[in-house]
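Undergrad: Below are the chains, spelled out letter by letter.
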Amino acid sequence: MTFGLVALALVVATALVTATVMNRRLRRLADASQQLVRDPKKRLPTASVGGPARDLSQWLNTLADEVASQREALQRERTLLGSVADGLTQGVIALDGERRIEMLNEAARKMIGAPGTMITESLLELVRVPELRLLVEDSRDATAEIQLPNGPRALIRVARTYGRPGCVLLLEDVTAMRRLETVRRDFVANVSHELRTPVAVIRANAETLLAGAKDDPVMAGKLIDGLHRNAERLARILADLLDLSRLDAGQYRLDITAVSVRSIAEQSLSAVDNKRGIAVEIDVPDGLGVRADAKALDQILVNLIDNGCKYGGTHVWVHATDLTDAVRIEIRDDGAGLAEKHRARVFERFYRADPSRSREAGGTGLGLSIVKHLVESMGGAVGVEPNSPRGSIFWLQLPKAQTQVAA
Amino acid sequence: MISSHTNKDFDQELRTLRDRLCAMGGRCEKQIARAMEALEERDVAIAKQVIEADQEIDKDEIDCDELALQILATRQPVASDLRFITMALKLVTDLERIGDLAAGIAKRAVELNPLPRLDPSVDLNPLSALVLKNLHAALDAFVAKNADQATAVIEADRNIDKANASLFAELLAHVATDPASVTRVLPLTSVCKYLERIGDHVKNVAESVVYMVRATDVRHRPLPKPSN
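Just so you know, the protein sequences line up as chains R and C, in that order. Oh and the first sequence: position 256 is 256 in the working numbering, straight run, nothing missing. Oh and the second sequence: position 19 is 19 in the working numbering, straight run, nothing missing.
Keep in mind the hints are simulated off the structure, nothing from the lab. Worth double-checking, as some hints may not be accurate.
Cβ-Cβ distance ranges computed for the label pairs, FRET-style [to be verified]:
no., chain 1, residue 1, chain 2, residue 2, range
1, R, E98, C, R214, 56 to 64 angstroms
2, R, G383, C, Q55, 36 to 44 angstroms
3, C, D63, R, E98, 17 to 25 angstroms
4, C, K48, R, K214, 30 to 38 angstroms
Cβ atoms here follow ideal geometry from the backbone N, Cα and C, with glycine treated the same way.
Let the sequences and hints guide you as you build the complete structure.
TA: Set out below in structure tokens:
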């Protein structure tokens with residue numbers, strides 16, 4: 001009986017001690033696991049513990065290693081995906097089921113003009129375009145070309161994401177492509193118009209002469225004058241076109257030397273047919289020279305001064321400024337000026353800001369594109385800006401001649 | 001306002017209403033810009049497109065109204081949701097009027113097209129730029145639920161009124177020096193008036209935004225004096 005009681009007490013005592021030890025180990029393990037969750041680099045101690053707690057620690061450590069490596073892989077993948085998305089020229093936007101932006105790459109950010117800090121996560125609240133709303137709300141995959149406000153024209157493809165609500169938008173900037181298409185279409189329309197008009201006049205006048213007008217001296221005189229004018233015009237257009245095609249093919253021979261801007265400007269001015277008696281002022285420092293082909297520079301300045309006289313107001317100013325490495329020549333006028341949308345296109349072949357007026361003035365519509373080609377062939381740049389308070393400034397920049405040139 | 005409701009359909013309906021209002025606002029912005037482009041470039045084709053597209057805004061108004069009423073009837077919203085719905089009902093009316101006024105500008109552009117330009121020309125672009133900027137800011141304030149931004153829009157309406165007054169004086173000076181120019185000046189004074197009224201509707205939008213966010217009515221109150 002006594003033996004039995006002692007044995008029972010011993011068993012109870014042993015069980016209590018074991019339970020306390022186990023409890024303490026488990027508590028330590030629990031504390032350590034908590035640290036493991038907080039800091040993924042930490043590992044549970046395995047040496048100081050024994051028994052099943054050690055096995056548990058080992059398993060938990062293996063699990064932690066696994067989680068850490070998976071997390072690293074996920075991070076790598078995410079960085080890779082992020083850099084791939086940012087490297088794309090196409091815009092990518094991922095939306096969740098509630099049309100909130102989940103991901104936005106750099107190109108898309110630029111296209112939709114998203115600010116650094118977003119005022120809203122909702123795409124349709126940020127880009128308020130009715131066509132985009134229809135596209136996103138449509139439950140099918142769809143594509144549409146949409147003009148983004150203050151941004152480019154974009155071809156937007158919406159693809160539904162499988163396995164979860166939401167969709168991915170792919171945006172392609174087609175502004176430049178559409179602009180080039182317009183340029184090409186306008187060029188074809190303009191070139192046929194420019195060539196057909198003088199041909200039509202020549203044909204009509206010749207037919208009228210043949211039909212009997214040749215016997216009427218007054219009538220014949222007028223008709224022959226028309227024939228002559230239009231033949232001249234056609235010849236001018238053809239000569240300009242030939243120049244342009246030579247420039248395009250790189251066959252236009254340029255003899256680059258140091259030339260005096262002032263003497264060429266004066267020479268050009270004397271060649272301009274100033275019918276309207278516009279006051280032209282030349283303000284170019286003596287001895288200022290550029291590296292250019294004298295004939296080409298003359299052709300450029302004749303064209304620009306002639307334009308200023310034809311379309312300007314009452315004055316044309318020719319300025320040249322020394323920019324250390326280059327020389328900037330400006331031809332300013334005080335005419336009606338050019339609207340911004342024309343400024344971007346005046347250097348295109350046959351482009352006319354005001355067709356009726358420029359044809360009347362006798363231009364071929366090729367002058368400015370020849371100017372642009374010539375300037376660029378000589379390593380320069382050319383452009384147009386609005387003049388203040390009115391008119392335009394046509395400017396060109398050419399490399400400066402390092403030695404002083406005789407005027 | 002979109003907060004999380006237990007009823008997902010309710011959330012969805014509110015979101016759709018917001019998206020439609022935003023799209024309608026965006027359409028108004030585009031209409032004003034295109035109408036001014038038509039006037040500036042003397043492009044009758046653009047003007048006619050603007051006049052035609054006004055129907056879309058009218059359709060937007062009906063759609064938004066219907067949806068707002070449907071939410072009101074079936075969900076019986078309270079507090080901020082109720083303020084959002086009542087705001088939406090007012091917002092569509094203002095936006096629809098803005099659309100009408102943009103179409104009005106386009107109609108004046110068509111009338112002005114055969115007439116020669118005024119010399120010296122009167123540039124309406126600074127005024128239209130102010131109006132467009134304010135409309136954009138009002139819609140931003142609506143989207144961001146930002147009452148401060150909306151208050152700034154209300155205050156900026158003063159500048160629109162000032163710009164309109166000075167343009168009006170400039171246009172009148174034309175008539176004084178050249179009475180024959182009156183046929184060209186009158187449509188332009190109308191355009192100025194339209195822009196100024198668009199500005200007033202934008203101000204209404206901003207006031208509704210303040211009400212929606214702060215639940216305080218700021219209509220018909222004197223504005224605080226500008227600092228400095």
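Undergrad: Hints first: check each against the structure and report whether it holds.
TA: Against the structure, the hints:
{"no.": "1", "hint": "R:E98 - C:R214: 56 to 64 angstroms", "in the structure": "26 angstroms, violated"}
{"no.": "2", "hint": "R:G383 - C:Q55: 36 to 44 angstroms", "in the structure": "42 angstroms, holds"}
{"no.": "3", "hint": "C:D63 - R:E98: 17 to 25 angstroms", "in the structure": "20 angstroms, holds"}
{"no.": "4", "hint": "C:K48 - R:K214: 30 to 38 angstroms", "in the structure": "48 angstroms, violated"}
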